[in-house]
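**Q** Here are the chains, one letter per residue:
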Amino acid sequence: MRNPLMTPNTRDELSLETRLKGLFLSGIGGNESEYAAFLELAAKIVRSNLRKTIPASLSHSRDLLEDIVQDVLLALHRKRHTYRTEHPFLPWMFAVAKHRWIDVARMMAVRPELIGWTESDWERIPDLEALEKIERQDEELTAKDALLDRMAILTDQQKELIRLAKLEELPLAEVAKRLQLNLSAVKVGIHRAMKKLTLSTEKEKT
Amino acid sequence: MFHPENKTLELSKLLARETSGSVLLTESKKRDLRFSRFALQWSVGAAVTTLLAWKLLPVRTDMPEQLRTAGFYLLTGLWLLSSLLMGHQFFGFAFPETGANETSRRSIVRTRQLALLPLAVIGLISFSTIHFDDLTFQIYRDSHAFNGGCGMVIFVAGSIQAAFLYSWMKKGATTRQAEAGMWAALSTGAFTSFLISFACQNEHPLHILIWHFLPLGGLALLSGLVARKFLRW
Chain P
586 MRNPLMTPNT
596 RDELSLETRL
606 KGLFLSGIGG
616 NESEYAAFLE
626 LAAKIVRSNL
636 RKTIPASLSH
646 SRDLLEDIVQ
656 DVLLALHRKR
666 HTYRTEHPFL
676 PWMFAVAKHR
686 WIDVARMMAV
696 RPELIGWTES
706 DWERIPDLEA
716 LEKIERQDEE
726 LTAKDALLDR
736 MAILTDQQKE
746 LIRLAKLEEL
756 PLAEVAKRLQ
766 LNLSAVKVGI
776 HRAMKKLTLS
786 TEKEKT
Chain F
39 MFHPENKTLE
49 LSKLLARETS
59 GSVLLTESKK
69 RDLRFSRFAL
79 QWSVGAAVTT
89 LLAWKLLPVR
99 TDMPEQLRTA
109 GFYLLTGLWL
119 LSSLLMGHQF
129 FGFAFPETGA
139 NETSRRSIVR
149 TRQLALLPLA
159 VIGLISFSTI
169 HFDDLTFQIY
179 RDSHAFNGGC
189 GMVIFVAGSI
199 QAAFLYSWMK
209 KGATTRQAEA
219 GMWAALSTGA
229 FTSFLISFAC
239 QNEHPLHILI
249 WHFLPLGGLA
259 LLSGLVARKF
269 LRW
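Quick mapping for you: the protein sequence lines, in order, are chains P and F. Last residue of the first sequence? That's 791 in this note's numbering, and every number before it is there in order. Last residue of the second sequence? That's 271 in this note's numbering, and every number before it is there in order.
Just chain P, with the same shape it has in the complex (with noise of 0.2 Å):
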């Protein structure tokens, strides 16, 4: 069976060795910028692959998640010089990733064979349409986290009122059925909800 990372030939396989390959080149040759291009999209790739192949139980929190991948990422950065140039890239990089996420495996006391955990789960490229996805997700999850942060200064009523209407994107309508409002008070509500969001947010930053 053809293996993608030793011969990759469809356009995302190629495109994603190429393009990780020259941006670690340049990166270690000194150029900053075109190495921290390299590691946040190492970072994307395997933050998607770790949420493919680590349990629910585990991968259900971000921080862990976060923290598998830092270890990772400094994994390649301290081995990056054991890449050998003539050889594919994608290999490599899954290979050190691979190894450092068996060890920090190990030191959760998770043993990866137990989990269905196999090796050609490394061995699988993410195509770079699903990884644009995850990271608009990502975006949205962490939009939605600023907002929720923010809310702490909102009334209770109000708090609900944008969850529904703003996070969960549900009609006035529906708004005002669920906390029995009628519906000019549910537009009152979110409005000076809002005003006090911006007050806020604009007091922040003068």
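Derived by calculation from the structure, the hints in this document are not laboratory data. For every residue, glycine included, the Cβ atom is placed at its ideal position computed from N, Cα and C. Just so you know, not all the hints are guaranteed correct.
What the hints assert, rightly or not - Pair ranges (Cβ atoms, derived):
1) F:Tyr111 x P:Ser600: 53 to 61 Å
2) P:His672 x F:Tyr111: 16 to 24 Å
3) F:Gln239 x P:Leu610: 26 to 34 Å
4) P:Ala728 x F:Asp70: 40 to 48 Å
5) P:Arg669 x F:Gln239: 54 to 62 Å
6) P:Leu610 x F:Asp70: 51 to 59 Å
7) P:Thr670 x F:Ser81: 22 to 30 Å
8) F:Ser205 x P:Ser785: 51 to 59 Å
9) P:Leu610 x F:Gly109: 48 to 56 Å
10) P:Glu725 x F:Ser81: 53 to 61 Å
11) P:Ala728 x F:Arg69: 17 to 25 Å
Model the placement of chain F on the given structure of chain P, informed by the hints.
**A** Chain F only, in chain P's frame:
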């Protein structure tokens, strides 16, 4: 609010800063994984072991006669050859195993088998000279075959030289620590056996198997266990 992904982003920028300018130069010197660098490290270890052997082990009394026999050259040559070949195998472990490619995996196996060939020849030569029909008598008659501190020398000197190889391997990124450790010990143990052949006069096959081969195997196993912890990264 604090987002873990931002922490990763910051880390990426921080690490990227490390790749610029003079930091890169000093780093690359410290992490030189070229074969010439490895050969130098192996030779330093070998020189230390040779010096120790020269100071501590007496040269065999029949050395002048041995130097006139082809068998002596063959045996010592085989020990040295196996040490060098196994050292070369060890070098390959410094790089992460990317052998998803079946062809390269097969070719690696072939080379590894080849590295063990000289050792197998020594074993076969020793084994073939044992007469199994009167083994009990032989053991009784040749009880001197069971004497010898060669095993201890192989263990100690082999470990010293292996320490040099370990320190080199720490710069690499082996994904097979135990195997790397075993190859290191096999290489250094074989080199010590090569040195011992200038001091040890006992050429009885049982002596070779018990005092040269068993310690070599023992050292390889022990080294494999130590390497699992020591060569982690």
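**Q** Run every hint past the structure and note whether it holds.
**A** Hints, one by one, checked against the model:
1. F:Tyr111 x P:Ser600: 53 to 61 Å: holds, 58 Å
2. P:His672 x F:Tyr111: 16 to 24 Å: violated, 40 Å
3. F:Gln239 x P:Leu610: 26 to 34 Å: About 57 Å separates the Cβ atoms of F:Gln239 and P:Leu610, which means 26 to 34 Å is violated.
4. P:Ala728 x F:Asp70: 40 to 48 Å: This hint holds: roughly 46 Å between Cβ atoms.
5. P:Arg669 x F:Gln239: 54 to 62 Å: violated, 46 Å
6. P:Leu610 x F:Asp70: 51 to 59 Å: violated, 18 Å
7. P:Thr670 x F:Ser81: 22 to 30 Å: This hint holds: roughly 27 Å between Cβ atoms.
8. F:Ser205 x P:Ser785: 51 to 59 Å: holds, 58 Å
9. P:Leu610 x F:Gly109: 48 to 56 Å: Hint holds: Cβ distance 53 Å, inside 48 to 56 Å.
10. P:Glu725 x F:Ser81: 53 to 61 Å: Because 59 Å falls inside the window, the suggested range holds.
11. P:Ala728 x F:Arg69: 17 to 25 Å: violated, 41 Å
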